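Chains B, C and D: place on chain A using the hints.
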Amino acid sequence: MSHGRDTAPKPFGVVAEFLDAESLLEATRKTREAGYRAIDAFSPVPVHGLTDAIGFDDSRLSWQVFGAGLTGALAGLGLQVWTSTAVYRHLVGGKPFISLPMFFPVLYECTILFSAGAATVLMFKLNGLPKPHHPVFNAKAMDRASSDRYILCVEAEDPNYDEEALTSFFHGMGAESVESVRTSEGY
Amino acid sequence: MPQTFKPAANTIATVSLFAGAAVPFIAFLTGSTMTNSPYNTKQFVPIDQPAPFSHKHHAYELGIDCRFCHATVEEGAVAGVPATEVCMTCHSQIWTNSPNLEAVRKSCETGTSLQWNKVNHVPDFVYFNHSIHVNRGISCNNCHGAVNKMELTWKGQSFKMSWCLQCHEDPSKYLFETEAVKSGTISPREQVFDLYRKLSSGKKLTEVEYQLAEGLPQVVPSDDVHAGVAAMKERGINVTQLKDCYVCHH
Amino acid sequence: MAETPLNEKLVEGTWTERQVDERIADIILDPSRHTEAQIKVPKFLDKLLPAQAKSPWTMMVGIGFLLVNVLLVAITYLVLTGIGIWGNNQPTGWGFDIINFVWWIGIGHAGTLISAILLLLRQRWRNSINRFAEAMTIFAVMCAGMYPLLHTGRPWVAYWLMPYPNIMGLWPQFRSPLIWDVFAVSTYFTVSLLFWYVGMVPDFATLRDRAKPGFARIAFGLLSMGWRGSAKHWHRYEHASIILAGISTPLVLSVHSIVSFDFAMSIVPGWNATIFPPYFVAGAVFAGFAMVILLAIPVRKWYRLEELITMKHFDWMAKVMLATGLVVAYGYCMELFYMWYSGSPFETSLLRNRVGLASGPYSWSFWCLILFNIVAPFPLWFPKVRKNLTALFVISIAISIGMWFERFVIIPMSLTRDYLPSAFGYYTPTFWDFAMFFGTIGFFVFMMFLFVRFLPSINMFEIKELLHQEKHDSDHQPATAEAH
Amino acid sequence: MSRSSRTATFATTKTMSRKKQGNAYYRGWEQFENPEAFDRVRADEFPARETLPGIDRRSLLKLAGGAAALATLGSGCRFQPQRKIVPFVHAPDSYVPGKDKYFASAATLDGYATGILVRSYEGRPVKIEGNPHHPSSLGACNHRTMAETAVMYDPERLQAPSLQGSFGTWGQFFTEALAGGKLALLTGNVSSPALHGQIQAFLQRFPGSRWFQYDAANRDSAREGAVLAFGRTVETIYDFERADVVLGLDADLFIEGPGTVAYGRAIVGRRDPEGEMNRLYAVESAPTTFGATADHRYPAKPSEVLSTAKAIAAALGVPGSVGAKGPDSVPVMEIVADLKAAGSRAVVVPGEFASAAVHACCHAINHALGAVGTTVRYTEPVLADWQNNSNQLRQLASMLEAGEVQSVLIFGGNPVYAAPGDVKFAEALAKAPFSAHLTLADNETSAVCRWALPASHFLEAWGDGKGHDGSLAVVQPLIEPMYDSKSEIEVLETLLEGSRSGERIVAQGWGLSPKGWKEMLARGVSAPKGAPSPNVSPIPNLLAGLPDGGSGTEVRFLPDPNVHDGRYSNVAWLQELPKPVTNLTWDNSIQVSPATAKKLGAGQQTKIMGVIPFYGAHDIVRLTVGESSVEGPIFVNPGMADDTVVVHMGYGRTRGGAFGTVGNPETHGGGFDVMKLRGTDSPWLASGTLIKAKGSYPLANTQFHNTLDVHPEDSGRDIIREVTLAAYREHPDALAHPSGEEGGAHHEDPHLPKLLYNNEKEFFDPTTNYQWAMTVDLNLCTGCNACVTACQAENNIPTVQKEQVMNGREMHWIRVDRYYRANGEEFDEANPRITFQPVACQQCDAAPCEPVCPVAATVHSHEGLNQMVYNRCVGTRYCSNNCPYKVRRFNFLHFTKRFEDVSVLHLMQNPDVSVRGRGVMEKCTYCVHRINHARIEAKKEEREIRDGEVVTACQQACPTGAIVFGDMRRESNAVAKTRASRRNYMLLEETNSRPRTTYLGKVRNPNPALEA
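Residue numbers (our numbering), protein chains in the order written: chain A, 1 to 187; chain B, 1 to 250; chain C, 1 to 484; chain D, 1 to 1012.
With the rest of the complex left out, here is chain A (with noise of 0.2 Å):
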């Protein structure tokens, strides 16, 4: 943040706990047809038809991840041809310098490798994760998220986004708290 510290509280979103996950699913879709868009839930576990709740599909993951087998495929294949013809071509037990079916295991094993390295860090990156701090967590309703709460949050960037008008929506909709989180800091 180039202008400093703004140590004025601002408002983050407003957010609903639910007890069970299907009031939690009834309410998000309901908030968006009402017309919210920057809708977030929160669930200690993951819940069937949520994603589309929200509006909300990112399968980036499995093609990133096939090209990162593929290039782990390449690797792999590329440093057994290339150490064995180019740099030293090594006479074993009347083998071919290009040994493919030799060269298949640690083909393999590479491309696992560089998939399963690719699918953790880019589900952690495109998560945005690591973040130990957000302006969520100021909400007292997350203290249980991870348990047996379900969260439903609608951000203050929603152009619709009006505190008091949501704060009944959501009683309306038999939430069993409702708050309106501020944050003082960026996220």
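Just so you know, these hints were derived from the structure itself, not from any lab.
Don't take each hint at face value.
[What the hints assert, rightly or not] Below are the BS3-like pairs computed for lysine-lysine, each with C-alpha atoms no more than 27 Å apart in a straight line:
(1) Lys518(D) / Lys599(D)
(2) Lys471(C) / Lys131(A)
(3) Lys30(A) / Lys212(C)
(4) Lys125(A) / Lys232(C)
(5) Lys173(B) / Lys518(D)
(6) Lys101(D) / Lys599(D)
(7) Lys99(D) / Lys940(D)
[Unchecked claim] Per label pair, the in silico range of CB-to-CB distance:
(8) Lys301(C) / Leu29(B): 50 to 56 Å
(9) Lys598(D) / Met162(C): 26 to 32 Å
(10) Ser177(A) / Phe438(C): 31 to 37 Å
(11) Phe438(C) / Ala19(B): 36 to 42 Å
(12) Arg122(C) / Ser62(A): 18 to 24 Å
(13) Pro31(C) / Ser62(A): 41 to 47 Å
Source: prediction; values computed, not measured.
Don't be surprised by glycine CBs; every beta carbon is placed ideally from N, CA and C.
Okay, now just chains B, C and D, sitting in the frame of chain A:
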């Protein structure tokens, strides 16, 4: 409150993750840089000697043949370091009072050997034979650096295995035949010393000859690379065999 | 606040999500959980030891620690003195070192199998035991990894097996199954570690939120990387999990296949069998499940996890053991059959060596193998046995021993009697062989109980998910049981 | 501490000791003027020396492996101290550092000299090889001779005169010696004219002084046999090249007695199936290498050997032998028929340690056959003043007892240990007021003597000696004495108050011109002179006077095949060398036949369940002869005669050095002493009893008895191919293509099995590269083990000691496999056929070891060698596992530690071969350093390596020329010819490893009349 961390933690966490991932790479790079550096290889590090012998003076300025002192370089595995009496051949006549030669005189008087500090040391488990290299026309300076320009001597090359292999892979770049060799007047071995002789007597050398004599990196014109290949064929140098492990390790 | 009780099926009793967290997370957050159970000790020790020392956790970690020290001494002596302190010789280049390597790698396989293959197969019963089994994989692979490193004559240059640019201009020789091992085992370890860690991230968040402010909270906060449980997180998380499972499955199959290539690619009679890869993989699962059972039975009792790790789980595991045990038995039979069928004098005399009690000095070990690996698991056909913890425990021990003998039969037994009778030999393990072996067992136990103490040993979010699913199933009976 | 500084330390201490003693240490014999500088030069200048791995580097790498990642990452990282170059002050002429030189000399054993060539680097003798000019050597030599370098470099050699355990000086000794009266000189048998001359001068100078000769492994039987037969002593020399039929009676022709090397070559040289093969019979009580080579071998007790001899004599019509009948087990009539058919081209040879009666019979038989002049000739004795050794010692002892001898000077030997039981020599010697023992190392005798004097080894001293045929060879030193030692002639010279140098004494005796002398030194041996043959004929009615053989359990005392009479006890090479046939190391044993062992209720067990380390637990049995008895481990030796015991001398030493002295049986060995069971009247043979005693004893065998357990299914293991001459003539391809005959797993074309990939051209380019190959002719291999010792000396192979041999970790790069096979249809452990097969790395083209190495430490050379690069090896041992021949050797422990710790052993190492540290694999390299040397020389001369220019160490040593090595591309090369032989086959060819070492199948020449 679930908010456990300050906002700065985000940056710290990300940076530490990247740093953690970088540690092995940095360690590897540091290690390999150190290994390849003169700190480890002792390349380019002039070594103090009991008597400050100058190859530049003797070999280049005075033009003394290498073999005058390194007498067994053509026939033995070891080039040989001269006995004190070889030094005294001249130095009983000239520079007889030079303080630089104190150690040599003392050795001669007492009959105890000089203890030179070793400059060029082939790694353990390597069998190196000077005679075959010299007989094939490999210039001394190719491996020892421009010794004829050194005041105190240092190790001119790293003597790493990968360095040896450069030539054993394809010696054509390091082989070259002057007209004299081609016409059969001198042997490839003589060419080595002939070039030094020409160099110190100020005779004009061609670009390639100069490079060979100086042990400079071989920027050989393509014609001469072909000449090198031809020379290899002529001398029956068999490249496939040269890279066999047993050539140097047994 | 109201808690929604969830229904039960694989998990016994009535649970709320909060209760699941409590039961599991408190193992870490509440030290008193470790002293709840007490181990009966002999009378003279009873008075000497404080109550805390009699807790199973202290006991196991203590024993583990002692053996870790034995291991350290053994390794130090080994590195200072040489492989000669072991029983290896000419012709038996490999003995306990590689036996134990293969044994440990095999044990590790159950973890990946449970977490990856059963995940892909949507087997819900994996949920209570997968974390535990994955930890086992990690530690077993660590134990295994020690052996190839230390079995080299010059372990201080064992890094030459890794490809890296160097001043010698030399690279590994990629046709060697040992290089494949290096790649397979290091990949296996890395992928298992990633899988394990990724699986724990949501649980770390739970722990972070449950922990009181302090060290634990910060530690789990960092480990969780700021996991918020956002729907977007979950979306990519599930994606990544499936991908990891998807690549771990061929990985786990490849790892033991490659380990078996150490033998199958050679020309030693008794090693060069094409059947090795499948039957090594089956054997690995066989041994791995036995080890899961061996660890799950006491831990479940000591930490009151009976409702989470139920008899149904044991039943399933026993069935898997039975199935893989049969595959392994088939493997042994085919090995013997081909020895006979080959007609090669080297193979037939090996067969005689292996089977004939009078003609082979090590044939007793073959019959031990048959006893422990084929006869002992036979009672698993009976449901009653599969539900009897004592019986399961005993059978699992037998299988662990049997699988060790399998490698003994393959490795030294074949090497001591190969081609030239003049080069025949004997193989006698020494004290240090055993010290290394039990040292690694100690290391494994030590690490497992540290794991139980400091990391969530049962996957909380998956148990909760399971409870949800089962509730869902019972709500919508019977229509969409496998909807996911 | 760096290697070089350690070596320098050694040099310095030696220099100091030299100064103190005023004796020049460690110079090449010829021209080095500045030994001090020279030491350092050797230590520091030659890179070859630096291939010995240093502790510094090792420990550094250990540290690095544990902690310093930086140090290891670069992989070549070595932080080494500054090394020094220490040149001469005055350099010798024509001196090329690092270049080897050969000098001719001669090694003497029990009086007989064998010509040798000694390879020397910078003035230190490193390897002994045979001298082609010497008739006893013909270019080869046996394991004992080659081990002499180890004797010289024995760190436990006596370094200074010792007076009753404290320091003395030579001056003191000479003063004392000259003051003493009633002098007696005890030496071994002497053939050296120089020494004999000195002794004669000594006897003249000191009237009343006496000279006695005693060697424990003496030739009394031969001497007394000749006396019995002819009434006088003669030297019997055989010409086996002309012998069509040879019968050996307890004759260990290839190991014991003078001329073994030459005889081996002559006998086996006649076993080419393409030429005229001789036929060998052996009647012997214990299997020997000769018996194993023989076409017919019959176990017989010593008494039966004698009766066989008598029966043959009788059948040949030797007078006085009418009615003599041989044992049932020996088909005397058939043998006689064969001998008769060969007539003068037959020969009957008695064993060196058979009884005098057998010797006498053999003389008679050879006469009757008319063999004298053809296959046997007689000369005057080679030994000067040849006496009955046992009587000599007995006489000396009684004179000592009686006080008739007051001063004794003992030259070499170890009579206190080696005296027969009825000569109480130690007690007698203790009575002498003055006694001195000139000895290489402290032993039982020097412990009793007042003076222990350091003797110069023959590689340090001048001398001469006669070979088995009387040819005279010169002994020239390769190195100045390393310690304050003197040779025998030098001691006598000082006692004679002369001042001639050793060289002068010897040269004077030879009476050559300086030029002639120089030529003599280069050649090493004088051309054999036409020695006069005494005209002898057997005493009439000789046989009637011969005694009958013994009865009951007959005990044979034999010198050990390796450590001989104990003189080589402290040579680890020989201790660890598997004894022929039994393959026993580090111990002696009580050898009996399987049936006798069974009768005794004693035996040997293999490991219980294969694991519990009772392997080699041999029951202890008690052997009693007369009053004395000894306990020792039993060794069941198939093929021995029943009710016969063979025990070897040379063990049970109490002062034999680190390796020779009896130690903890679990780790050390050392055997038991049988010397005292012997009697002077019959030192080689006795009647005894054998009972089982308590306990067991581990013996270290390199090969197990289960090779004997040839299961029918195992016969398919096509390891040794063997046919009879008749079968070979009928089917010449029977050896190369045995398929269909011996069943099983053979390819149709054994010379070109298929590879998965066809890369012939790319990999093994015969147009530009040499293609090395070796053949081993099984017909010529006698199993004498010379190749093993040669290889050990050449390649710096460490010994591992008994415990590690029991663990199966011996390091020999070449081993001689022994197989017991069925002698006929059924396998009979009472008389199996014994075959030897030397196996070293087979240098497979499609080597199974190569693809499994993870770090490319073993890869193929373009010349067909399977290269093992020690410094790249990480030690996974996978290559060894995958080697079907199991010829790879792993340094399980730091076996070469002794080479590094004991400074004198630095000097013994061959600088052309790396000394391997722990944790690396090693194996036969086809002596690649010799190949490289030849290649460099050839390249310098712009030519190809000539056939025969590269000789491997094993090939060089092989007395019979069984090993042929060379470039197989040229058809004219020897190895190409042998490879083209119809007997050529690959060992384990079904593994398709395509070895470069191939074997020529064995062809036996049995007597058709005896083939069942």
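Okay, the hints, checked on the actual structure:
1. The straight-line distance between the Cα atoms of Lys518(D) and Lys599(D) is roughly 63 Å, outside the 27 Å bound, and the hint therefore fails.
2. Between the alpha carbons of Lys471(C) and Lys131(A) the distance comes to roughly 33 Å, so the proposed pair goes past 27 Å and is violated.
3. A threshold of 27 Å between alpha carbons decides the hint, and for Lys30(A) with Lys212(C) the separation of about 36 Å lies outside it, so the pair is violated.
4. Taken as a hint, the Lys125(A) and Lys232(C) pair is honoured in the structure, with Cα atoms around 12 Å apart against an allowance of 27 Å.
5. A C-alpha spacing of about 49 Å is found between Lys173(B) and Lys518(D), which places the hinted pair above 27 Å, so the restraint is violated.
6. With a C-alpha separation of about 57 Å, the suggested pair Lys101(D) and Lys599(D) falls outside the 27 Å cut-off, and the hint is violated.
7. For the hint linking Lys99(D) to Lys940(D), the alpha-carbon distance of about 15 Å falls within 27 Å, and the restraint holds.
8. The beta-carbon spacing between Lys301(C) and Leu29(B), approximately 52 Å, falls within the hinted interval of 50 to 56 Å.
9. Taken as a hint, the range 26 to 32 Å is violated for the pair Lys598(D) and Met162(C), whose Cβ atoms sit roughly 58 Å apart.
10. One distance hint, 31 to 37 Å for the beta-carbon pair Ser177(A) and Phe438(C), is violated here, with the actual separation near 56 Å.
11. Taking 36 to 42 Å as the suggested C-beta distance range, the pair Phe438(C) and Ala19(B) conforms, at roughly 39 Å.
12. Here the CB-CB span from Arg122(C) to Ser62(A) is close to 19 Å, well matched to the stated 18 to 24 Å.
13. Against the hinted window of 41 to 47 Å, the Cβ-Cβ separation of Pro31(C) and Ser62(A) comes to about 43 Å, which satisfies the hint.
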